[in-house]
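Student: Make the full structure from the sequences, and use the hints.
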Amino acid sequence: MSAHRDYLTASDFYRLFQCPHWSYYERFATKEEQAMRRPVTEGEKRLWDGGIQHEKEVVTKLFAGTEIIEVPKTTDAEADCAATVELMKKGVLLIYQGTLTDGDWTGRPDLLERRDGESVFGPWHYVPLDVKSTYALEKYQKFQLTFYAVLLERIQKRFPATQEVINAHGDRLPFQAVEMLKEFEETVVELERIRAGEIPDPVLRKSCFDVGPWGKLCERLATSTDDIAQLFNVNVPKLRALRDLGVRTVADAAEMDPATLAGTLPGLTLHGLEVVKLQARSLKDRQVFVREPVVLPTAPLEIHFDIESDPPSGMDYLYGIFTRDGGTETYLPFVAETSDGEGEMWKRFLAWLETLPPEYVVFHYAPYEKVRLAVLEKRYGGSPWLDLFRERMVDVKDIVSSSVVFPLYFYGLKYVAPFLGFSWTGDVKGGAQSVDVYERYLETKDRALLDAIIQYNEDDVRATAVLTDWMRVYATERTSYDEPYPWVHF
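Start counting the sequence shown at 43; every next residue gets the next number (our numbering).
Everything labelled a hint here was simulated from the structure, so no lab data went into it.
C-beta: ideal position from N, C-alpha, C; glycine also.
Any given hint could be a false lead.
As the list claims (entries may be wrong) - Once the Cα atoms are required to be at most 27 Å apart in a straight line, the calculated DSSO-like pairs of lysine-lysine come out as:
no.: 1; residue 1: 184; residue 2: 471
no.: 2; residue 1: 420; residue 2: 174
no.: 3; residue 1: 420; residue 2: 98
no.: 4; residue 1: 115; residue 2: 174
no.: 5; residue 1: 87; residue 2: 471
Unchecked claim - If you anchor each label on the Cβ, the simulated ranges turn out as follows:
no.: 6; residue 1: 469; residue 2: 73; range: 32 to 42 Å
no.: 7; residue 1: 60; residue 2: 109; range: 43 to 53 Å
no.: 8; residue 1: 425; residue 2: 145; range: 51 to 61 Å
no.: 9; residue 1: 374; residue 2: 128; range: 55 to 65 Å
Tutor: Dropping the structure here:
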């Protein structure tokens with residue numbers, strides 16, 4: 043009876059935070075629009091399969107010796123929920139892949155764990171647990187846990203006291219869903235409008251392309267109306283505020299008066315509006331603006347650093363280092379050539395840090411590298427030389443975002459570097475593809491696959507170097523550049 047019902051699910055929350063149109067197009071895309079849907083990649087299939095396998099391994103390891111009963115999934119969510127409720131009535135300690143269904147809401151937390159405390163079932167109740175490869179709770183994970191908590195309240199007549207994510211190392215990351223119920227309810231209203239067939243206002247994010255399958259339609263929706271969603275780094279609340287004030291197009295934003303609009307709605311500061319206007323002018327007229335002069339640190343040794351990781355396993359498999367020492371340029375890769383080689387790779391990296399001269403600077407793009415170094419230090423241990431390395435790290439993306447305005451939707455390295463004329467030379471063109479190729483290398487031990495990943499990583503660190511070179515030449519003073527740009531042959 044319920045097989046084809048349009049349920050609100052936990053996936054809807056994940057999709058909303060990645061791409062607000064994902065859930066809409068999944069339900070209402072026309073045949074012509076469906077043809078524009080990005081196919082699932084081999085890498086995504088591996089990611090999903092790896093996530094399921096990882097989840098089972100974590101559950102088996104952490105709860106060895108504990109009674110765990112799995113609820114087989116069928117096409118009938120109501121029947122699956124009934125089977126889950128029967129286990130809850132019996133007071134089973136752990137229910138794996140149970141289904142919670144109420145009306146047209148259905149959710150499937152990885153685990154339901156019995157805790158002391160009265161519920162409709164007796165002197166016990168259940169809390170939801172999800173198994174994720176994560177080191178800090180992401181926003182969508184909090185919303186999914188809250189979704190499960192609300193469903194549990196409806197079923198067991200008690201709101202669970204806590205909700206948790208369990209990561210790859212068995213760490214429990216607790217979360218109090220009751221603290222975000224108001225925001226959750228507002229988000230549910232938004233999702234219910236989508237389920238009713240209301241298409242959201244344009245939003246254009248990098249994740250619409252990298253994670254969601256409908257990026258081409260998101261871009262078409264924004265560009266067809268010249269919508270302000272095309273502007274880099276303007277979040278949804280600010281988009282809504284600007285639209286409420288009649289600033290709906292890039293042309294509108296390019297002509298607006300920031301001083302008049304500043305403070306009229308929450309989040310609209312004078313500085314923020316000035317940046318939005320400059321971004322709109324840049325996109326409209328293809329101009330590049332240097333908002334603030336860039337002064338990059340210098341040292342006898344310049345290092346460009348990039349890490350490649352495998353999200354399903356939480357493993358790093360390559361550190362790429364491009365150095366400039368006087369007139370000498372060198373690329374040095376540290377590689378995990380086996381699935382358990384991360385620890386050894388880390389030791390070799392720490393030993394290399396001890397060989398560095400007293401003065402050097404480290405450039406990287408976006409905060410990911412610093413985050414991973416902290417994770418790896420916790421996992422395998424650090425050193426004074428690691429502390430010094432981190433102190434000398436400079437996030438190039440942070441500098442670009444605060445100082446330069448490019449006529450681009452996104453400021454990822456794969457967008458900025460090609461705009462400056464840089465090209466990736468190998469067959470591997472992106473991080474997700476690198477993960478897929480690494481997984482295939484582990485299966486086949488084909489050295490050519492590993493070499494392709496190393497080539498991709500070398501291109502990444504060289505792209506960062508190209509960007510730092512560009513800033514040292516073209517971003518040293520407040521100025522603007524029109525087409526044709528002077529760095530065409532940079």
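Student: None of the hints should be skipped; say for each whether it holds.
Tutor: Comparing the hints with the structure gives:
For the hint linking residue 184 to residue 471, the alpha-carbon distance of about 32 Å lies beyond 27 Å, and the restraint is violated. Of the supplied pair hints, the one linking residue 420 and residue 174 holds, its CA atoms being roughly 18 Å apart against a limit of 27 Å. Using a Cα cut-off of 27 Å, the hinted pair residue 420 and residue 98 holds, with the two alpha carbons roughly 24 Å apart. Between the alpha carbons of residue 115 and residue 174 the distance comes to roughly 20 Å, so the proposed pair stays at or under 27 Å and holds.
Our distance criterion of 27 Å between C-alpha atoms is met by residue 87 and residue 471, whose separation comes to about 18 Å. In this structure, residue 469 and residue 73 meet the distance hint of 32 to 42 Å, their C-beta atoms being roughly 33 Å apart. Look at residue 60 against residue 109: about 36 Å separates their beta carbons, and that is not inside 43 to 53 Å. Look at residue 425 against residue 145: about 56 Å separates their beta carbons, and that is inside 51 to 61 Å.
Restraint check, residue 374 to residue 128: a C-beta distance of roughly 59 Å satisfies the suggested window 55 to 65 Å.
The structure fails hints 1 and 7 (numbered hints given earlier, in ascending order).
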